[in-house]
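> Assemble the complex: chain A is given as a structure, and chain B with the ligands must be docked to it using the hints.
Protein chains in written order, with the numbering used here: chain A, 56 to 536; chain B, 149 to 405.
These are computed hints drawn from the structure, not numbers from a lab.
Accuracy of the hints is not assured; some may be wrong.
Claimed, not checked - A partial selection of chain A residues facing chain B, derived with a Cβ cut-off under 10 angstroms:
| no. | residue |
| --- | --- |
| 1 | GLU127 |
| 2 | ASP484 |
| 3 | GLN485 |
Using N, Cα and C, we set each Cβ at its ideal position, and we do this for glycine too.
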Amino acid sequence: MSTAMLEEYANREYEFGFVTDIEMEMVPPGLNEDTIRLISAKKKEPEWMLEWRLKAYRHWLTMEEPAWPNVEYPPIDYQKMVYFAAPKSDADRPKSLDEVDPELLKTYEKLGIPLKEQEMLAGVAVDAVFDSVSVATTFKSKLADMGIIFCSFSEAVLEHPDLVKKYLGSVVPYSDNFFATLNSAVFSDGSFVYIPKGVRCPMELSTYFRINAMNTGQFERTLIVADEGSYVSYLEGCTAPMRDENQLHAAVVELVALGDATIKYSTVQNWYPGDLETGKGGIYNFVTKRGKCDGPRSKISWTQVETGSAITWKYPSCILKGADSVGEFYSVALTKGRQQADTGTKMIHIGKNTTSTIISKGISAGRGQNTYRGQVKILRGADGARNFSQCDSMLIGDQCGAHTFPYIDVNNPTARMEHEATTSKIGEDQLFYCNQRGISTEDAVSMIVNGFCKEVFRELPMEFAVEAQKLLEINLEGSVG
Amino acid sequence: MSAILEIKDLCASVEGNEILKGISLTINPGEVHAIMGPNGSGKSTLAQVLAGREEYEITSGEVLYKTEDLTDMDPEERAREGIFLAFQYPVEIPGVSNTYFLKAALNAIRKHRGEKEIDAVDFLRLVREKMKLVHMDESLLRRPVNEGFSGGEKKRNEIFHMAVLEPTLGLLDETDSGLDIDALKVVAEGVNVLRQDDRSFVVITHYQRLLNYIVPDFVHVLVDGRIVRSGGKELALELEEKGYSWLEAEVGALATA
Ligand SMILES: Nc1ncnc2c1ncn2[C@@H]1O[C@H](COP(=O)(O)OP(=O)(O)OP(=O)(O)O)[C@@H](O)[C@H]1O
Ligand SMILES: [Mg+2]
Chain A
56 MSTAMLEEYA NREYEFGFVT DIEMEMVPPG LNEDTIRLIS AKKKEPEWML EWRLKAYRHW
116 LTMEEPAWPN VEYPPIDYQK MVYFAAPKSD ADRPKSLDEV DPELLKTYEK LGIPLKEQEM
176 LAGVAVDAVF DSVSVATTFK SKLADMGIIF CSFSEAVLEH PDLVKKYLGS VVPYSDNFFA
236 TLNSAVFSDG SFVYIPKGVR CPMELSTYFR INAMNTGQFE RTLIVADEGS YVSYLEGCTA
296 PMRDENQLHA AVVELVALGD ATIKYSTVQN WYPGDLETGK GGIYNFVTKR GKCDGPRSKI
356 SWTQVETGSA ITWKYPSCIL KGADSVGEFY SVALTKGRQQ ADTGTKMIHI GKNTTSTIIS
416 KGISAGRGQN TYRGQVKILR GADGARNFSQ CDSMLIGDQC GAHTFPYIDV NNPTARMEHE
476 ATTSKIGEDQ LFYCNQRGIS TEDAVSMIVN GFCKEVFREL PMEFAVEAQK LLEINLEGSV
536 G
Chain B
149 MSAILEIKDL CASVEGNEIL KGISLTINPG EVHAIMGPNG SGKSTLAQVL AGREEYEITS
209 GEVLYKTEDL TDMDPEERAR EGIFLAFQYP VEIPGVSNTY FLKAALNAIR KHRGEKEIDA
269 VDFLRLVREK MKLVHMDESL LRRPVNEGFS GGEKKRNEIF HMAVLEPTLG LLDETDSGLD
329 IDALKVVAEG VNVLRQDDRS FVVITHYQRL LNYIVPDFVH VLVDGRIVRS GGKELALELE
389 EKGYSWLEAE VGALATA
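Isolated chain B, as found in the complex:
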């Protein structure tokens, strides 16, 4: 079976600053990859580049999604093809109810697949079912998207969106930050339920703790726009213990060598 995502020597910059400096990563169906790394190392940038944010310019390298060149696709096309990004900072959309928004999103994806619009009853049933999954309060459905949501509610809402839209590749950018321990378990549970053979995840996090609940197949450490170390889930434990400085030192040595 071919990879879901293949990143080859990817370099990307924003406003002339090179942020990603040659990233290679292969993600096969069903795998969960965790990405860790210090603040400002480029984790969110990678996620945004994969989602198609225009400000980030790919200067070299290649990204294949289901063997197709991803760089030619608009953000909405990528989303419709099954790439989902749970934002580190979910955006508020005043005046647009969460349900209305989600229905528009789901229908855009369905239309892309040649399916007809979901009818109101089926949609409601689907939404109810997925809300239970993330223990989300029903009132958040009627409220405008993310407007006035607490930090934790926003993160939960991202997972809720993901559960409804059922992507092929889920990119979670620090979905665990700002969550209390119960919420963390709920979010992890939401992801675990969605885990299946033909769906993959990239989980960006600062905390090994999350990885107790979402057990990754691989852990990568991103420092200064490069993956400096990859390993199994034990790598996360090692990082928890030692921090990033020993890796940063290695990178420094590498750069000056």
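Chain A on its own, in the form it takes in the complex:
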């Protein structure tokens, strides 16, 4: 097993590169107030929604693209992008899977996540976002009986305006950062979830995102509100087809957990990482994800498995406002080929006795660059706040890199902080040892990587954990040895 072979291992072409042929309805490229008015009109939005978008747009014009992440990419021409694309059949949206475009179903099958099967898998309701508009929603009526709202964001704007008005921008304000502000101006669709007081959502809520129109920026907007004493587990998974032009994806996810409520948000992300040699064609994933533990004993837990995108720039964060509230961040980020990831979390302790846990596992292969950037901030009033952080990096081959930037800002003397960090390398010795016991190199690497990620996978819901493991395997497979 030579280093050269290790590197080769890291270079496996993207499996899910294909484009589905579905007719698209697009807004012409370019961004100005008219574009925003057009998007809003197409979605038949009320005036307040349009005003909010325009406010964001005007603010965005005053902002500059951030330069601090440890990633490199050619400048993005925001005037060349398409800001809205929807399947043509938008007018008469399907009521059930039977009405869904068979092309779309085929796409999901190619991904190995056929909707049909998902539907049968009891406990999983699927709100499939295909490009910008939701085209398939299931289990809705069952959830509705419990008072749970699970629908597309556009639908929520029309049918639950009070909830949307109350919570939209309450965690990620329209002026938050360059990409979040852009999203606020042009967001296309996404999911909305509301769990009423005391209700435990009986199934994992799941959305499969898929970017499918050439040259279309994707601006998802998700808002999840868990009212007092409720519980919800939400799964987000996605993969995208092969294409030639870089695509910006700037989503915003806002979570609000009121007193004694728990939100568990899990992501498996496998977007097109771009050409292995040049990085060309990959997705830029610049996402703002933030949750607010608003009431006492509330809890927000982020779990993410990031294997795709050319560039990932993402820091799921928790604002721990309620006393005794809990924030968690479990992350696996894999970079190979020319991929770059700058990811981590922010834990902001405001309330008393708030606790946060950060477990980050970065895997770099090929020429991948993996950066962990985390901030733990303990404010003055956060008596007895505690944080535990563990950041581990694994290197496969010797052309990749791992970087760790933990920032700690403590303003209360009673706070307790623990930080651990390790860097390890899959060595030729280890691989030879496995080979000598009859285990193939591929199996050995996936075994070692899975072992490395165990603490994070443990946090994922069962089916998702299996999928995540498979995804890592697929991503690492075939390129070494």
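Just chain B with the ligands now, with coordinates in the frame of chain A:
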């Protein structure tokens, strides 16, 4: 019956340095061969070459395993065909439990033989039985492979792996080094139980003492990449008494002659 292993005039080098300089050795089914020799003489190199480590380049000669050319085979293929190497320095594999690892290994071998995967109950039974053989503590099963194991535990674990995988040819590279006398007996016992007509061993050691417990059919002395002397088990006693210098002197004389 044909030989399990036939090495003919094998030369091998690493990073341009020739380490093995013409080794010939035939191992028949059921035989135990001990290899002794000073530090750096090439004993581990021979074992690694047989196991298929890529860094070592075979520059000339031939190695036949069960009459097949071994040099064409990947390390994992050799392992599946029954070659087992107990490492001089067993490698740690963090995050992967010893049981999980061993099950993956056993199933890879079974699959190669066209057998189906072992079921969990049978596997557990097998593992329990073999653990007794090497008096290994059960907690070592759940822990990551070799991680934080003591030197002696690592060596025992190697023999435990061998007992579970039941190879045709076991290569033991200084499995006795670093073992206390009780552990040494246990390891030897583990090997002796596995001794049978169709299984052979190559035992690399520095100490005649081990050979009191694992009684070899042949002893070979490796000096500077060559087998300079072969004999029965008495040769080990002679070496214990005289050291290697008299042989090294002979080799020197040979080389300058
Ligand atoms: N990867 C390598 N790169 C350079 N030299 C090597 C390498 N592996 C082995 N050698 C050299 O080959 C020679 C033989 O080494 P080997 O490990 O086979 O000796 P040994 O007989 O097993 O010694 P010991 O009794 O100390 O275990 C040594 O001089 C060693 O330094
Ligand atoms: Mg040695």
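> Hints first: check each against the structure and report whether it holds.
Verification of the hints:
With a least beta-carbon distance of about 32 angstroms to chain B, the hint placing GLU127 (chain A) at the interface is violated under the 10 angstroms criterion. Proximity of ASP484 (chain A) to chain B holds as hinted, the smallest CB-CB distance being about 5 angstroms (cut-off 10 angstroms). Taken as an interface hint, GLN485 (chain A) checks out: its beta carbon lies about 5 angstroms from the nearest beta carbon of chain B, inside 10 angstroms.
Checked against the numbered hints given earlier, the structure breaks only hint 1 and satisfies all the rest.
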